[in-house]
Amino acid sequence: MAIHNRTLALVLLGAAALPISAHAQEPVVDTGITAWMLTSTALVLLMVPGLAMFYGGLVRTKNVLGTMMHSFAAMAIVGVLWMVCGYALCFGPSVCPWTGWSWDYFFLRGIDQSITEGGIPEYVFAMFQGKFAIITPALIAGAFAERVRFRGYCLFIALWSLLVYNPLCHIIWGGGWLTGKAIDFAGGTVIHISAGVAGLVAALYLGARRGYPKTAMHPNNLVMTMMGAGLLWVGWFGFNAGSSVASGLKTAQALTMTQIAAAGGALCWMVIESLHLKKATALGMVSGILAGLVAITPAAGDVLPMGALLLGFVASVVCYLAIQMKNRLGYDDSLDVFGIHGVAGIVGAIGLVFFLRPGAGTGAFGSQMGHQVEGVLISMGYSAVATILLLVLVEKTLGLRMSEESEMAGMDHSLHGETGYGLINPN
Amino acid sequence: MAIHNRTLALVLLGAAALPISAHAQEPVVDTGITAWMLTSTALVLLMVPGLAMFYGGLVRTKNVLGTMMHSFAAMAIVGVLWMVCGYALCFGPSVCPWTGWSWDYFFLRGIDQSITEGGIPEYVFAMFQGKFAIITPALIAGAFAERVRFRGYCLFIALWSLLVYNPLCHIIWGGGWLTGKAIDFAGGTVIHISAGVAGLVAALYLGARRGYPKTAMHPNNLVMTMMGAGLLWVGWFGFNAGSSVASGLKTAQALTMTQIAAAGGALCWMVIESLHLKKATALGMVSGILAGLVAITPAAGDVLPMGALLLGFVASVVCYLAIQMKNRLGYDDSLDVFGIHGVAGIVGAIGLVFFLRPGAGTGAFGSQMGHQVEGVLISMGYSAVATILLLVLVEKTLGLRMSEESEMAGMDHSLHGETGYGLINPN
Amino acid sequence: MAIHNRTLALVLLGAAALPISAHAQEPVVDTGITAWMLTSTALVLLMVPGLAMFYGGLVRTKNVLGTMMHSFAAMAIVGVLWMVCGYALCFGPSVCPWTGWSWDYFFLRGIDQSITEGGIPEYVFAMFQGKFAIITPALIAGAFAERVRFRGYCLFIALWSLLVYNPLCHIIWGGGWLTGKAIDFAGGTVIHISAGVAGLVAALYLGARRGYPKTAMHPNNLVMTMMGAGLLWVGWFGFNAGSSVASGLKTAQALTMTQIAAAGGALCWMVIESLHLKKATALGMVSGILAGLVAITPAAGDVLPMGALLLGFVASVVCYLAIQMKNRLGYDDSLDVFGIHGVAGIVGAIGLVFFLRPGAGTGAFGSQMGHQVEGVLISMGYSAVATILLLVLVEKTLGLRMSEESEMAGMDHSLHGETGYGLINPN
Amino acid sequence: MKMITAIIQPDRLDAVREALMNAEISRITVSRVTGHGRQENIELYRGQKITPNLVPKIRIEIAVNDDFVEPAIDAILAAAKHGDGVIGDGKIFVTPMDECIRIRTAERGGSAI
Amino acid sequence: MKMITAIIQPDRLDAVREALMNAEISRITVSRVTGHGRQENIELYRGQKITPNLVPKIRIEIAVNDDFVEPAIDAILAAAKHGDGVIGDGKIFVTPMDECIRIRTAERGGSAI
Amino acid sequence: MKMITAIIQPDRLDAVREALMNAEISRITVSRVTGHGRQENIELYRGQKITPNLVPKIRIEIAVNDDFVEPAIDAILAAAKHGDGVIGDGKIFVTPMDECIRIRTAERGGSAI
Ligand SMILES: Nc1ncnc2c1ncn2[C@@H]1O[C@H](COP(=O)(O)OP(=O)(O)O)[C@@H](O)[C@H]1O
Ligand SMILES: Nc1ncnc2c1ncn2[C@@H]1O[C@H](COP(=O)(O)OP(=O)(O)O)[C@@H](O)[C@H]1O
Ligand SMILES: Nc1ncnc2c1ncn2[C@@H]1O[C@H](COP(=O)(O)OP(=O)(O)O)[C@@H](O)[C@H]1O
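Protein chains in written order, with this note's numbering: chain U, 32 to 458; chain W, 32 to 458; chain D, 32 to 458; chain B, 65 to 177; chain F, 65 to 177; chain L, 65 to 177.
Since the hints were made in silico from the structure, they are not lab data. Source: prediction; values computed, not measured. Please note that the accuracy of each hint is not assured.
Claimed, not checked - In silico PhoX-like cross-links for lysine-lysine, where the CA-CA straight-line distance does not exceed 25 Å:
(1) W:K310 to W:K245
(2) U:K309 to B:K113
(3) D:K245 to F:K113
(4) B:K113 to U:K245
(5) D:K309 to F:K113
(6) U:K245 to U:K309
(7) D:K310 to D:K245
(8) U:K245 to U:K310
(9) W:K427 to U:K310
(10) D:K427 to W:K310
(11) W:K309 to W:K245
Looking at chain U on its own, in the form it has when it is part of the complex (with noise of 0.2 Å):
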């Protein structure tokens, strides 16, 4: 599991920074094992542009730079922030149940030359990891899409990653409390319930966007969302089967398991909604790549085929549900962040249970039924709560909200002065 992986490298990565000693196990690097781990963080890193496009193409025309940028800016702002004290805060030794430091990983200035008892130089694995601190946030984005301030976003993202993200990472994954028992294996607790319950949050405190739901919000370009699925089912290979911090059998079954869960996911979905609307529509297609592979990753590395695609059957079932429950209840989760992330996120999480490979886990159904709840708990608690602290500071602050007449006009005029598609404008 990746969780003991991570654990283990964490144990004896301190060793390792270390000045070079002479004694026999020193760790070599692995360069199979470093290729996989490289091209992970760059698949990982594909993300993010993907992601940006796949919201991009969902919210106003006049929205499409503004939303594009909420991914960016998190590649920016947490790509600055990892290095300099997220990754201390997250996978340095333990100073308290939340979180960890080390003062050799303030600026990652003490790994320069380790290697992980795995076999790859630390700095991969840090960057692999930050690569995961950035999408979190990023994630978020989608719920309360079309209506927030730049500068406050910023700032939100920033203090979230710092004071919810890096917390939850170390005590899952990290040396906390509940490192070594909750599977997580991808990010299923950490990273997805976590963007999913905070965008809920977020969504219910901001407000619905102006219009909502009486206006139809038309997607702009339903094309580049389809796009950006594309490049999220591809770089969800690295998310996943990287996760494995090998390149061996556990990377392959996590690619494996990646890989029916989507398409798993994908299928159910279309067959939903040609039974219910009697069309399969697009963005159904792509909704269901996505709830699929959220689903998979906290199980990637633990459940068997079969369950994979069952994993992404459900994932479906139960997102397609939660949107048409959200469409009752009428709150504006924009672009279905809690829906698919939280939704997903938790089906994966629980779900796993019922379709571990024999061994994996903890041992008996009922106690890692616990732990797997007990992190799902803890990951939807402790993010609503700190979400919700941040929002109000946020608000009270720089201002999150946009203000109507801005809202109106759209975000790439009033907070970028800048027009995403030129072309449509005769010039």
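Keeping the supplied structure of chain U fixed, place chains W, D, B, F and L with the ligands upon it in accordance with the hints.
Chains W, D, B, F and L with the ligands in isolation, oriented as in the chain U frame:
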């Protein structure tokens, strides 16, 4: 040659799939090869959105989503079918000369721990091959673009994958009666010729789009077609170099020949157009890229650089002529699936005999040529006959050809209830 | 340092290219390194469509295809030239201080079986380097976007590649007289400075676009520019980390610094714009990414994280100022090839001396600084002089600058007979 | 001289163009518009049926001499209808026109149309 | 019958539509245009403020019976203004219309509007 | 007051705008249309020359007071022509206009133009 690797892999996989035994020869994972094969799998997956973009950009605005859905549906449907039974049918031990089967491969149940003799987890091989199975039916869709129902299409590709692709794959790669004879490094015969011929048959059977050829059918987004071509080129490195199922000399050779043939094809098409039309077009550029890539596919592991260059040149010339011919004959292979994939596939499969690296192939020129021609003819004949039967079956049951009204309204609206580019309508 | 690897590789390649001999030292393939170098090759190729998208989105609607064709034509033309003679000229043994040559490399004839001392098939090295040769002239195209003939452009980049890129590459990397002195890890000098200066010279020589700067020239698709920037970032991991020609510590260092500098550049540009214009723009974000990536290119293997961050910051500040200056001076470097690639390349090449990892470089600060300045000046001077000669030659023969009418009609229509976005015209 | 402006459904554009051709009216100008009328044009969005406020339409402008007004209207009426006519099939507006000038030749009036 | 053509700022489209609805005018045709007037609409491009020659606008066409001309104008005037009116808020043009025909039913005149 | 509608080739837009400016007509509204006339605008598609049914054009709308009608027409005629005029150079339509209202100030008539 890949054919050898694949066969060997196959032979030894059976053993590996058994419960872990203790004898010394137990294959171990080579992390480097595994890394490259994982990467290749991701790269070939990237070709699916790449193809969706390539095809999607070439149709009319009203059909852009419907056309992209053809590629995405293949990911969903064939993606699931492959893990259910496709892999078993292709790579299970031959139960008859046309097909393999192994209950161990059913739902990929029995390969969870198996490592191939080549040093990669069998899952990786299965997933890599699965991407080929996905892309082949997706290619066909270009031939009957803009005029088929989604349900009928889904049924068609499911059946085609089961009854055309899987047998051909088994015959040529999986241990069937041509395995080890005809050189088909990465699927010129199995993939491009079979898809090209199926496309031709389908275009003839379904008839032309309403208004063709009188009405000009404008590509809605050549810009996206170019992006798609870029992704296809990148993905093709995985397609061809990954087909070495290694990370060594053969892999490097395959990648090099791929690059050379693509550049050669593009350059040659540019020159042809400059001479013939006085202008080099963007669509010509990407058509040349594709022609070169297709032609080198069967040959990538077995020819020398000069041969790759010439194959690229010849492919462009012959495809250009084939498309000119199509325009005369007047059938509506809308996106030239036969004109590019079929024709360049044949050029590659036959042409490679002239450029073989010393030592490649089965020896004598004549006997190798015989094998190649045999492979091409079998692929063409089998694909043509089986495709026509499936077309009739689907047309008579679910219906394949769209009604005239929905064709005029466009697939996006009538089949999927969506609009590709919301951005063009003020809202 | 890459420069060492490259030189060593070069030195030993000669031997490896000989018929297989029996002595014990025979290099063997390292599958892991090969896997990463194959991946890097694919990633750098991804930069070409990435660049096409980046540039393509910034021009006016009528020139989008023509601009993308500039990148694609480089793939076709330089792709072929490289295998014909480019590799031989760059990496053949020095026949004079400015150029190498080896008949073994002519048409890549003699390296079919050769394995470099670093453990990769030489083909991979040749193809990886070939991608650099492709992208360099493609970069220049941004400087004279929207106003050059396609034929003239094709001739220009062919000659430029042969007479500017190849010699510079040989001088600095391939065994020429600066090899092993100036640090240029992944091409700050060879690629970005030389292309930037060539762009500046070309912009000055060809003159401004009609109407510049009075008429506002709107980007037709900033959305695509952002996508392109995303792909460029991803591809740059191959560009820089692949330049280690390894899969180990150096590779990890290069990837890490690349990531940090890109994030730093983006963040800094956002801050500058927020202060200067009160709005952070999407184009600013991606410009900052590019500035950071370019600046770290020469430095990626030899600086520490803090240095990478500062290089990213400084690059953004200096590029921002350079572009402000350009606007004052009034010349039309349309897409700021000099302002970003040239300037940030210089920042990186000179700036890296301040941030060198202990032990990197040739020792003393002063002497290293001398080497760097020498490298920069040679690259600038040589590129400037050679470029102007080539421009005059091409302008006088095939003609480079478009006629005023075809400039007004747009490249897509007048040079390629096509329309980029059919979707905007009802049809 | 009159200016005829027709708002039609996008899928009837080809049919209308053909019908106008048959009525010997070959010069037209077309643009993409969106319209709001009584038509409901359902779109699907994640399991929900949404009714856009504005539905894509095609606008055709035809400058004609007076004799051609009725033939043009008849041609459009015949070709733009879905079956026996469904809501959303559109409108034809006829407005007066004072002058028509061919840019190429600067000729004016009926012959320039 | 009159044809009212209004050129407004894109961000006021929703408001104008709502106001027209309230005035019981629900049938309109909308298109995207660019305009040049006195307004300056600053855009940013790599640290530079540029003033595009043509600024995005929305064009609304409304065919109305004579009684509805003033209500329509009033509704647009009220809804299209930014605050007390800023440069670039647009124009309304009223042109005469001879005939209006509903394609679905072929009915003509005021009832077809 | 008149409404002038000009259909021109896209590459002449800048020139026409400049010419109108010189004639002191600076307020215009522009849109992208496609047109069918006698022009053939060849496009290339995989080695084939195809003649699209509808060719991209630019439509310019200019509301003017009566005195400005001729200057506007002259300016367009001069600037929109390719050389001595080629097929496809376009048309100018002049239609009557009853009223013009500036949204910002609600002023009407000639001064609002
Ligand atoms: N009075 C009008 N003014 C402007 N456009 C109109 C008017 N009436 C109809 N339209 C246009 O015609 C389209 C079809 O009108 P609709 O009311 O749906 O059809 P029908 O007249 O058959 O009931 C509308 O979407 C709109 O674009
Ligand atoms: N005379 C006119 N003819 C055509 N369009 C006009 C005319 N006057 C204004 N417009 C349109 O109205 C828009 C707003 O006009 P502008 O002059 O900026 O506002 P204001 O009238 O409030 O000063 C312009 O961009 C243009 O599209
Ligand atoms: N009678 C008309 N009604 C509407 N649009 C017209 C008319 N005549 C010409 N046009 C527009 O003008 C464009 C140029 O017309 P065309 O016949 O090609 O040029 P010419 O008048 O110089 O022969 C056409 O593409 C069309 O958009």
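Do the alpha carbons of W:K310 and W:K245 lie within 25 Å of each other, as the hint requires? Roughly 23 Å separates the two Cα atoms, so the pair holds.
Taken at face value, is the distance from the CA of D:K245 to the CA of D:K310 at most 25 Å? holds (23 Å)
Starting from B:K113, check that the Cα of U:K245 is at most 25 Å away, please. holds (12 Å)
For the pair supplied as a hint, U:K245 and U:K309, is the alpha-carbon distance within the 25 Å limit? holds (24 Å)
Between D:K427 and W:K310, is the straight-line Cα distance small enough, at 25 Å or below? With Cα atoms ~20 Å apart, D:K427 and W:K310 stay inside 25 Å; holds.
Could you grab the alpha-carbon distance between W:K427 and U:K310 and see if it respects the 25 Å cut-off? Given pair W:K427, U:K310 holds - Cα atoms ~20 Å apart, limit 25 Å.
D:K245 and F:K113: Cα distance at most 25 Å? holds (12 Å)
Does U:K309 pair with B:K113 here, judged by a C-alpha cut-off of 25 Å? Status holds; Cα separation ~12 Å.
Just to be careful, I want the Cα atoms of W:K309 and W:K245 compared with a cutoff of 25 Å; is the pair within it? holds (24 Å)
Need the status of pair D:K309, F:K113: alpha-carbon distance at most 25 Å? At roughly 12 Å apart (the allowed maximum being 25 Å), F:K113 and D:K309 satisfy the hint.
Check whether the Cα positions of U:K245 and U:K310 lie no farther apart than 25 Å. holds (23 Å)
The structure shown violates none of the earlier numbered hints.
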